[in-house]
Structure formats: structure tokens, C-alpha cells
Amino acid sequence: MLGLYGDEDKLGKPIGSDVCQGKPTMLYAEALERTTGGDRHFLADTLGRRDLAAADLARVRELVSSCGAGDAIQARIDSGIAGAGQKLLQAPQSAARDLLHAWAAYAGTRDR
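Last residue of the sequence shown: 112 in the numbering used here, with the numbers rising by one and none dropped.
Because the hints were derived from the structure by calculation, they are not lab data.
Hints are not guaranteed to be accurate.
Between beta-carbon pairs, the in silico distance windows are [unchecked claim]:
hint: 1; residue 1: A53; residue 2: E33; range: 20 to 28 Å
hint: 2; residue 1: P24; residue 2: A55; range: 20 to 28 Å
hint: 3; residue 1: Q74; residue 2: R40; range: 19 to 27 Å
On a predicted model such as this, the values are computed, not experimentally measured, just so you know.
Where is the CB? At the ideal position from N, CA and C, for every residue including glycine.
Let the sequences and hints guide you as you build the complete structure.
This is the structure in C-alpha cells:
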């Protein structure tokens, strides 16, 4: 999510660099599953293109968003964090448990 929609200054790397480097993220895989025809071909063709133009990156971002991939992945993240939190609450109270719980919450809401 951050690799396509984050704040470049906070993230410390260019937005879209995962796409340009050909990283098969869950977000990209979800978008490929949800798109068809020319949109799917376009997404598949952009993965790993180091010379990706700003306009093409903007189209990637729009397609990932409009097909619902971003919402689906965010829902998975939220569900995983909630499930982990529930499991952690079953463990005896300790500083380690509280730290793990805080890390899980941070991982799902971080912006860098």
C-alpha cells in the first residue's frame, strides 16, 4: 500500500519503485486478479519496467484503486491485525505481550 500510495518523503523511497523493480506484492497480485482485458495486460506489462513514466504510474494507481484491490488488501491487513490482537490478549499479561500488540497496531497504520 505504501509503495503505491504513501508519502515519498516519509517513506524514503520513490512511490512506484516496487512496481519498477518488479516486486510481486500482494497488492499487485490482487489487482491482476481483479482486472481483465487491456487493464490487466497494462498492469502485467508495467511490473518490472524501470522506465515507467509518471503517467503510467498514475494509471497503475488508478487501476489498483478502482478495481478494489487496495480496499481488499487493507481489509486483509486489518483482519490480520485484529486476529493477532485477539490471540495476544489470550496470553498472560506482560510487557512483551503489550509490545507485540503495539507493534502489530503500528504495522497496520504506519505511514513510512
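Against the structure, the hints come out as follows:
1. For the hinted restraint 20 to 28 Å between A53 and E33, the CB-CB distance of approximately 25 Å keeps it satisfied.
2. Range check, P24 to A55: about 23 Å between beta-carbon atoms, so the 20 to 28 Å window is met.
3. As the Cβ distance of Q74 to R40 is approximately 21 Å, the hint placing it in 19 to 27 Å holds.
Going down the numbered hints, you'll see the structure goes against none, and every one checks out.
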